[in-house]
Amino acid sequence: MTNEGGGLVVSARPTRDWSRFHTARTLLKSYGIVSAFVVLCVSLSFVSNYFLEIGNILDVLRQTSINGILAIGMTFVILTRGIDLSVGSLAAFSGIVGASLATSSSVAGVPGSPYFAPAAILVGILSTTMIGSISGGVVSCFRIPPFVVTLGMLSIARGLTLLYSGGLPIPRLTPSFRWIGTGDIAGIPVPIFVLLVVFVLSWWTLSRTRFGRYVYATGGNPRAATTSGINVSRIRLLVYVISGATAGLAGIILAARTGSGLPQAGISYELDAIAAVVIGGTSLSGGIGSVTGTLFGALIIGVMNNGLDLLGVDSNYQQIFKGLMIVGAVMLDSTRRSDDH
Amino acid sequence: MSGTESSEQVPAPPPGRSYILEVDRLKKSFGGIAALRDGQFRLAAGSVHALCGGNGAGKSTFLSIIMGIQQRDDGIIRLDGKAVSFAKPAEALAAGIAIIEQELSPLMDLTVAENIFLGREYPGKFAGIDFAAMNRDAHKLLEQLGFDINPKALMRSLSIGQIQLVEIAKALSHEARIIIMDEPTSALGEREVDSLLEAIKRLKAQGKGIIYVSHRLSEIFDIVDTYTVFRDGAFVDSGPISSIDRRKLINMIVGRELRDEFIKENQPQSKTRLEVRRLSRLGKLSDVSFDLRAGEILGLYGLLGAGRTEILECIFGLDRSWTGEIRVDGISRKLANPSQAIRVGFALVTEDRKQTGLITDATVRSNLSLSVLRQLSPRGVVDARKETKWALDMIKRFRIKTATDRLPVSSLSGGNQQKVVIGRCYLTEPKILLFDEPTRGVDVGAKREIYGIMSDFAAAGGSIIMTSGEVEEILGMSDRVVVIRNGAVSGILDRARANQETLVHLAT
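First to last, the protein sequences are chains A and B. Counting from 1, position 313 in the first sequence corresponds to residue 313 in this note's numbering; the numbering is continuous, with no gaps. Counting from 1, position 87 in the second sequence corresponds to residue 87 in this note's numbering; the numbering is continuous, with no gaps.
Keep in mind the hints are simulated off the structure, nothing from the lab. Fair warning: this is a prediction, and the values are worked out from it, not measured in the lab. Please note that a few of the clues may not be correct.
[Unchecked claim] Simulated pairs of lysine to any residue, SDA-like, Cα-Cα distance not exceeding 20 Å:
id	chain 1	residue 1	chain 2	residue 2
1	B	Lys152	B	Leu93
2	B	Lys170	B	Leu93
3	B	Lys401	B	Gln375
4	B	Lys334	B	Val276
5	B	Lys431	B	Lys401
6	B	Lys271	B	Lys284
7	B	Lys248	B	Phe221
8	B	Lys204	B	Glu175
9	B	Lys201	B	Ala94
10	B	Lys334	A	Thr209
11	B	Lys204	B	Met155
12	B	Lys431	B	Ala336
13	B	Lys389	A	Ser268
14	B	Lys386	A	Arg210
15	B	Lys170	B	Met155
16	B	Lys389	A	Arg210
17	A	Lys322	A	Ser113
18	B	Lys354	A	Ser285
19	B	Lys389	A	Asn231
20	B	Lys386	B	Gln375
21	B	Lys354	A	Thr226
22	B	Lys125	B	Asp109
23	B	Lys271	B	Leu93
24	B	Lys386	A	Ser285
25	B	Lys386	A	Thr209
26	B	Lys334	A	Thr226
27	B	Lys389	B	Arg379
28	A	Lys322	A	Ser268
29	B	Lys401	B	Leu475
30	B	Lys170	B	His139
31	B	Lys386	A	Ser268
32	B	Lys170	B	Met67
In isolation and in its complexed conformation, chain B is listed as follows (with noise of 0.2 Å):
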């Protein structure tokens, strides 16, 4: 659809820089719901920017439009000044849009260099792979972005952080000027954030266009030029990130003013509640030490694959091959199972919730019932009226979004699964929450329920122990954090003590 060119207020690109990628008054909607109702969006050659809004604001919709996946119902995309319009993926990619995408898929019994190459193999003698020359530029590509990984190894051998290096690599093989990088750095350890930092400088330095989708606010106020603010299906703000502070960014995205983000303000009671004493785990843990009171919400940072989870998963009984010893409430406990766990009062929250914490299949009901069936069906069979009304209980205590109880959880938003998943334990009426990862791919507005929802557990007495890999978030939450470096313990600090420098420090 033509028409007059975007508004006033449209920025003008950096001196000696054009747009690369312009979109105005974008429009889709599904089956009478409007996803997004004005996509506004200017990408300037050699710059990232970051997409920022909430669940529902239209990210995914506008990105899957940019794409190629779905088809715009009305606005206009422009790149690098022509209009166009793509009817597939393909389109897309050849017109240099590529995306890393949040979910990786690698396939894992196969090298660095063919999954890199995946579907362009390069044709060798007799129909077949010309391994050498792949090896070689995939080498070289891996070099040019600065990845320290050889590109003969195998995918199953590296670790996760790794991987997710060969897919970005992957990615930026299909020579793109747009790059969409959705929750990059989710899995990864500092080390491999600075190498996808060094990454980007140099894809700016080319001229490529970054487009930069990611909830951890810290990352997007370190590495952005410029970002754009979506709510509800409509564009609300852009700029230079450097006009904008944390606080105001929040309250773009959420649409009103929140007054806190972190709301830990109880204070720890005396009592004792947890005592785990040189927790031990062959090639994993070892001499593992610390307390946890009554009303504490404890810390656990730490790189990926420091050992945060695995001290969870001993503590809940997921994990029995450890030594060393776990008191509760005083008395001195080796549980065999979860469901031990459960009865002496702890509960999980896992860290990916769609792979060990829902029942995607399952309603949200049947999801909030699954740890108390035993209490809901004291002769066998299920009291159905019990379960919804506690069901429905729970949904209303934490508001969680879904129209009927009966909905499938995997309709759920992110934060709302996540809420299902605490309801779940909530149920149990636990005494010690574990949180791995509590906020993980969950949006800033779920993201303040959820704190609190256990900023009020502990206030009321609770204990907690949540890992968390989001500096802001483990400063902000816990009364005291326990550093875990390769497995031990190498530092626990006051909230008072504590700052970033600190923790990075004794992580690393």
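Isolated chain A (complex conformation) (with noise of 0.2 Å):
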């Protein structure tokens, strides 16, 4: 049946809507996003003290970075209908590759020699870029699912880490490789910019770039982007480079942190990220989201980790409501879609 009367459709970028009628909906569920968190972090504040303290403030923002950086390269997958289950195996794998070339102690026997921190960092960041371009070759070539080459890649990936680990973390890290993880820049922590820089370049990337209106459309109907001329193949195979490459550089930043290179590093990673993804609006059936909503995906899920903190909720808790939090985000993108039909 012809759709006729007044059903009026909502897209999650928003359409400047002129009809009274929908418009206060239209712009809540298109910000509800940014109004939870809003809502969230003013409670938060009346019932803590400390939440707004600046020390907290930035201490939950630096937590959040590590998982906003693996959220806003995953964000591009899921745009595609795509998933990357490897990211947790592939930010061990960066951190492990990255830390064996920033550190003077031995790796799985080898005498090591720490080298010039930045080269360090780029080799572990372009060592799971290739891996990931491995993975959306194999998606885009032949045809598998994503969701089971991505699963094959993240056991893979966690035995290259092993392997080339020999089981052991690597410890006693160059201060200057530290530095991305520990480190600060006008009393605001390293991490929080890079964070910062991937969001920026990412928004930018999709929202004003052909190759971010190629994302959309291949996510959002794969054979019109096809008939269209778009080469559905190539923007598969490079959502997964850049999976692979923002799983490195968080990666990195993981090992900086902790001061060594964890083999066990980033265990069910992907599935936070994978959270902050999908609280922050994004379809995982593609075609619609943005990596503004991931940002504040990622943000809800750190903030709500803080206050449960700070309240003194026993830790075990934050994981149920995570749980809750992601079914209930997609519950309010399903009605809202379902509005449509």
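Combine both chains into one complex, guided by the hints.
Okay, structure coming up:
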């Protein structure tokens, strides 16, 4: 049946809507994630005196930065109707690779020597970018579902990490390497800056560039995109490269913060990243969403965890709340979309 | 709301039959906008009644109220003379009103019988299902309707036409007295349409009433007994179908005099644009050859599954597994993907705009610019102002009815959505337009506009290949018709020598 009457559709990128009847509802749905975040912060500030202290805010932001970076990369993938379950393992891998080049202790029996920190960081990120391109290549060329491919890569990358490190941590990282995780610029921790840079670059790419449009088109309707002349395979490959790169970056920061490269780092990190993306309003069926939403999704998780800590709530409850938020966010998303039909 | 009975202009029911359904002064508004201002309808038992109207006419709203999906604001509905009110669809179904939807959603991995009795399975032993009885009854039902389908077959093994017949059987198995058919023949081939017509005849004989909704006017004149036209949410006219002709019906639907329905006027030029030679694709096409000249509209006619879409896909680079030769302006081409095809000068408007033509969540503007983003972003960054200008130009040029270019394209009517797809193709400045069912699911007014767009394109020297299952459309718009049967060309006819009989004969 044709869509007559008043069924006005809402898309995640807010479209300026003149109809009074729908404006309020539209705004709430499009900016709901930000409103939810604001409400959360306001409530917490009443409940705990420490919440708004600058030290606490910086803490929250710093703790959110790793998941935030992972989640922003994940957003690209999910926008194309894909998923990357391997980012946790990739983060561990880049952490180990970077750490092995930034330490004077021996790795798996091979005596190490510390290299110029930026080089170590770069190599770490490149290593996972390459693995990402392999995942992307398999997804785009062999038409195997991304879930399956990246699930396999999750294990493979973890195995490679354990192999390379001999199963042992890589301690005593050089101070210049550690700076990216523990240092600060003008009093603000470096990871927060990194997150900001990643966010701005990603936001700009998705909203202003041709590539960004292609990402949305590939996820929104791959067949229509193909008919329009878009190389959907290439887009599908590139988003996994992006995801690999952000995982690499997150892994480096994680290792730098921890002070050692840990082969067991990052376990289940992919789930938190996906949670942030989903809570932020990006649809798992692709084509709808934004990194802004993802950023706030990650912040909501971070603020919620922080709030529960400040209130002295058992940390196990954080898991439960996070789960409820994920389901709640998707429920909101699906009621929003079922209005269209 | 009680009140006096209907006005004097209501025709009396046919002798010996009564009205099953009577609707008067039906009103419904959504958020201050009136979708239905004055719905009036009379359905006699044992008859087929067409409900006609363009987009925005109020047909869907009217039907959703009848089916209990929406609640009316005002007006009266009478079933067998008694006033009724349905709070939910289940009540309407229980009262004997069933619908055969336009959009099919069968469960492909279950059998025909399982689909028919979905949700009403026969309980068997040990909390199981009595498949034997279910299959028996499904077989009886299908036999009664004259559908030659095995109840134990998996839906996945059926053709689209057969799937639609099963959906029809499913709706009819609810023992409905009033059956609403919404574009029932959209996926049916000739033989299946005949089965459907037979089934409709039997239903009429049983005294059931059928409300028939279709944009295919020729079907309406073939099948229905009476008609009602809605326009702008209000009743316009009703009466026996024999009392009007096609032109009058169109005028009532659109509300104004449409000069000519099909307006391809220019003569094709002599320059050959496209040469297809011995195009073959394993299992689908064999030895297809034809020419296309500048300024020409070439019609591709054939049954569902004959291979028309496959021909377009091979030409456009969506399918690379073909053999033969395709020459564009004399140069032999083997296009590897749509991007190359677009650069060579092709553009494709696909058969199903929702599935393969549009990004439904994206704005009108984004959909329009999809093929030309490269030109709009010389250094990778999209020039938003230029994009807006191009989009607005196209909206104005094709008179796409949308309040702003930033509306989601899904909120547009079918005809306007189709214009967005065409607009997207136009922006690539094509020389050869490929149309797969250009006016499927498009109402009469927008159809006329699309025909105008196509004619203008040809008059300016462009070439068009269009497929269609509607004989009038093919006959009216094409300079020549290529008839495809089972993947091969069974005939190429000039406009002058083509008529319905010859085309159907060649296609079957």
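Are there hints from earlier that the structure breaks, and if so, what are their numbers?
Going through the list in order, the structure violates hints 1, 3, 5, 6, 9, 10, 11, 13, 17, 19, 22, 23, 24, 29 and 31 and respects the others.
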